[in-house]
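So you can see what is in the structure, the chains are spelled out below.
Number of protein chains: 2
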Amino acid sequence: MAGIEDLHLPCGGKGTCGRCLVEIVSGHAEQTASGRLHKALAGQNLVMSCQTKVCDDITVRLRQARESAMKVVGDSHFLISEDLLPDRNSLSALYRAEKLTVPEASIEEHYSDWTRLVRVLTGSKDSISVSTDVWVLRSLADNLREQGGKVTVLVQEEDSGLRVCEVRPGHVDIHAYGLAIDIGTTTVAVQLVDMLDGKILGSRTSYNAQLRRGADVISRIDYARNKQRLLELRGLILETLNELIEEVCGAVSVFREDVRAAFVAGNTTMIHLLLALPPRFIREAPYVPTVNAVPGLPAGEVGLIINPQAMVVCAPGVGSYVGGDITSGLLCTELPVNHDEVFLYLDIGTNGEIVLGNADWMVACACSAGPAFEGSGIKCGMRATGGAIEYIEITDDARYVNYDVIGGGKPVGICGSGLICLLGEMLMRGIVDQSGRLNMDLNTPRMVKIDNQNAFVIDWDLNGVPELVITEPDIENLIRTKAAIYAACSLIMQNVGLDWSMISRVFIAGGFGRYVQVEDAVQIGLLPDLPYEKFTYIGNSALTGAYIALISQEHRNELAGIAAKMTYIDLSSDPHYMDAYLGAMFLPHTDMTQFPSVASRLAAAKSAGN
Amino acid sequence: MAGIEDLHLPCGGKGTCGRCLVEIVSGHAEQTASGRLHKALAGQNLVMSCQTKVCDDITVRLRQARESAMKVVGDSHFLISEDLLPDRNSLSALYRAEKLTVPEASIEEHYSDWTRLVRVLTGSKDSISVSTDVWVLRSLADNLREQGGKVTVLVQEEDSGLRVCEVRPGHVDIHAYGLAIDIGTTTVAVQLVDMLDGKILGSRTSYNAQLRRGADVISRIDYARNKQRLLELRGLILETLNELIEEVCGAVSVFREDVRAAFVAGNTTMIHLLLALPPRFIREAPYVPTVNAVPGLPAGEVGLIINPQAMVVCAPGVGSYVGGDITSGLLCTELPVNHDEVFLYLDIGTNGEIVLGNADWMVACACSAGPAFEGSGIKCGMRATGGAIEYIEITDDARYVNYDVIGGGKPVGICGSGLICLLGEMLMRGIVDQSGRLNMDLNTPRMVKIDNQNAFVIDWDLNGVPELVITEPDIENLIRTKAAIYAACSLIMQNVGLDWSMISRVFIAGGFGRYVQVEDAVQIGLLPDLPYEKFTYIGNSALTGAYIALISQEHRNELAGIAAKMTYIDLSSDPHYMDAYLGAMFLPHTDMTQFPSVASRLAAAKSAGN
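Protein chains in written order, with our numbering: chain A, 8 to 617; chain B, 8 to 617.
It is worth saying that the hints were derived from the structure and are not from the lab.
What you were told as hints is all true, and nothing was included just to trick you.
Identical copies look the same in the list; a pair holds intra-copy or inter-copy alike.
Listed next, the in silico DSS-like pairs over lysine-lysine satisfying Cα-Cα at most 25 Å (straight line): (1) K541 to K572; (2) K572 to K132; (3) K157 to K234; (4) K106 to K206.
Start from the sequences and build out the full structure, keeping to the hints where you can.
And the structure:
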């Protein structure tokens, strides 16, 4: 396609999204039957590229704006609340740097260079097994002799003993960095960590470059149906990751060679695509992946441009639709230790995943939520990075809007937490009704029509043209997303035979932003109507979990236990799902008895307004 | 050097061997002071290339014949006496092929493809840990479904559990081969083994291509003094190994991809060169190598052209001059189990290595023997392959010679066992005296002068020109070699405070050929004068030991124990070595009281001759 690579094609080439529309300027092309467009469009010489066979040289004009603006890269704002993290002092560091002085050999004690080094390193304890790589050995003789036996050694703790990763002459500074990586269907996050002390040196997020080939896992799986396309998708995610790695390392002047470990959290499809495992059977009944717990691989083989020997470990998954992003996310929660406490864990991403459990059991299910809360598919939506509105207040008369912008300054768009806030406020102020329609009769200049769509204006540009708006289709998107999640929650509760009152804790994970207004999230029916103190928002928990697993072998072992304990429930075959979903397609719900506190607040607001 | 790569340069470029002489036809070149030749040669415009700086374009004429004939490759004849080998039935095979039928997944039992395979493989025993590679996973989904779950799986036993190396659709034949490799300073041997049943499918030997850059370990170490030359020597041994591997696999139509393991025995310098570890400090006091036990490495990293994932393991060494060839060689002996039995182990190669020990201790030493018994440096010498004379008888009148040729037919040269036999016979028939001089007065046409050297003719060509001969310099070479070995044996005995009568078993290892006539070996003073039944010739034991370690994890563990138990004694710093060596520079020895049986036999022969 003449180097045009960054089109956003949500359907993955199935002829349903119409995002690949082009206008044929000259030349001849044939359309498939399924590719026929509405007469009005066909009259304009428009065709869908994915459904069109090019018969000779043709010239086309793109209809979709190139999405360079999509790729906002900047310092991201993840919630890494210190109380979610393991106590760094209690960790036995996976790496340590040791300044040693290795004695010279003599005729009497002619131990090899390696043996002398190991004797000093272990204090001559034979019980400690020490391994190394041939690369270290190749320069060992010279390095040991360059400064009379003074060397600095980078040592890695392994289950089976110690591993010498590097030996440098002299007593010098030596570094070991690691990466915590979260590969989401829509957004990708990378965090750089100093492995010697566990400090986080920086984070970067970006959209997943695979978005060009499909918006959700199903369209990605369809796209990857042959080997070449599978490798193409693998190449795209590596492109995203390697760019983020370059940026996050560059910002703090870390050599990528010194990055010696990576821990990856991702859903099952994302991990299959990263490792070029064919994902096809994930979406064909009975929906099984090739593997849930993939073996650790050297970075060179995975394709990450860091130290080629760095071990890349992926969080273990549970099934096709409950992957390592969920198991690692659970590392950020304080899992209950007694039977009475039941927790609910919601990870709201392009797919929504829900885990319900207590000290003894866990069940998990997934639903296709859509990326609305990640800012995708929303006119002014964006990821939770600099420039995003993360909090909004609207006055009772709907005339004035206050907002907080991440990083301050002029807003560029609205992130997940801002959207939740906005929708809750609009509902309470009567700007939107419970079915999601905008009240265009309100006496405020903020109610406008844009491209024939009803919209509410958050901000205008300097010329008075609406710049930040939310439209009725945006609101419909948000309602669909929250309905899918709430429906899945209700259903898994029913399946297990619990009701809401039995839940002691609710953990909410997702890339919404720094803070989520629980009141607003309950108001719009995304979260159940429970006492607010039961909720904990834990942010991008997949990334935080990956960080915890990266720096702690103990927590890495815990992960395997979490994956083993969890049972997957397939909601797609549950006949009640559609009913539950349709019931939730309302703000907050068609059955208001499920949201008593919202009902009374809405009633109070209404009577105040009258 | 204009593509001329196969010159034989024993000194490794130090200006001492004169084998790189060239005649300058045109152009100008400067010689170093140490490179000055005798006036007679200098007058002929001859220079040593290694000591000459080329000043402009020059044309030279080579003086040394190109040594393509050196590289005799054919099916070799190693003694693999069945009683040296572990009982194959008692081994738990390292690899096995299993024909499995993996059930399809269902909505109720939606285990991943990998989990279903593992459950069938282990009979659902969770305690067995099973690992695999990402390559196996990449085709697993398709392979499992191609024939309704019928697959054939190649499984490797590992310390920590099982490893699935390959999965093929259907119930088919699947193979796993391995290589036992012996890298000698002069000769290299490779054996192809079926890892499923331990059968040896073929063997090949060749000269080490590094011979072009030095005849012994010292000159190789000197040559490898910079990184580029180290890599050159590494390239040369890989060239030799990969040619041998191609031949041995090709002969039995084995795909090199199916070769999944290799076990390498070699002296410490050879292993350093193979892995590109700088060998310099092996020959600088206090003579320590970089490492004695190198970590296992994938073949792709080592540079062997077999399955790139095949693990290449090197036998652990003990010191700079007692390497993995000795520890693996000891695997072929029945090591004593009580304190009274003391054994002596001799490995006679380019370096001679000697181990003395009992159930509790082992001491080892090394001496520079020279490659005479490997056929190198002897006019008609050759390796023990097809066409080599391995056994010789000479009539009392020295007029008739009978011999056996490996593989039958016309002889091409004489291998180690033939040379021992020949020298013993010549001594008993009075053809050579005890100082190694030929008796030119004998009335036989076999006593001739060739190139001004006294020689004994073994065979003539069809035109009556002497074709197979042994010269006085050849005999001197053989005496030097056997003297070095005998002197080292005597000295290590003295060091430990033992005398010959205390030795219960003597194991002799080396690439001499199929049989060694112990009587002849004692006659010439290579072996001590002990009752013949105490001697066991175990052939190329380094190779056989590598084979044993290749097929048996149990014996591989035993190897580590042998290496740990052994103490290295440095003879090069022993002031008595030169005396012992000079005393042994006689047939059999200057001190005939050490060889009473030979003395009486010589006396008997002399009186019969008179």
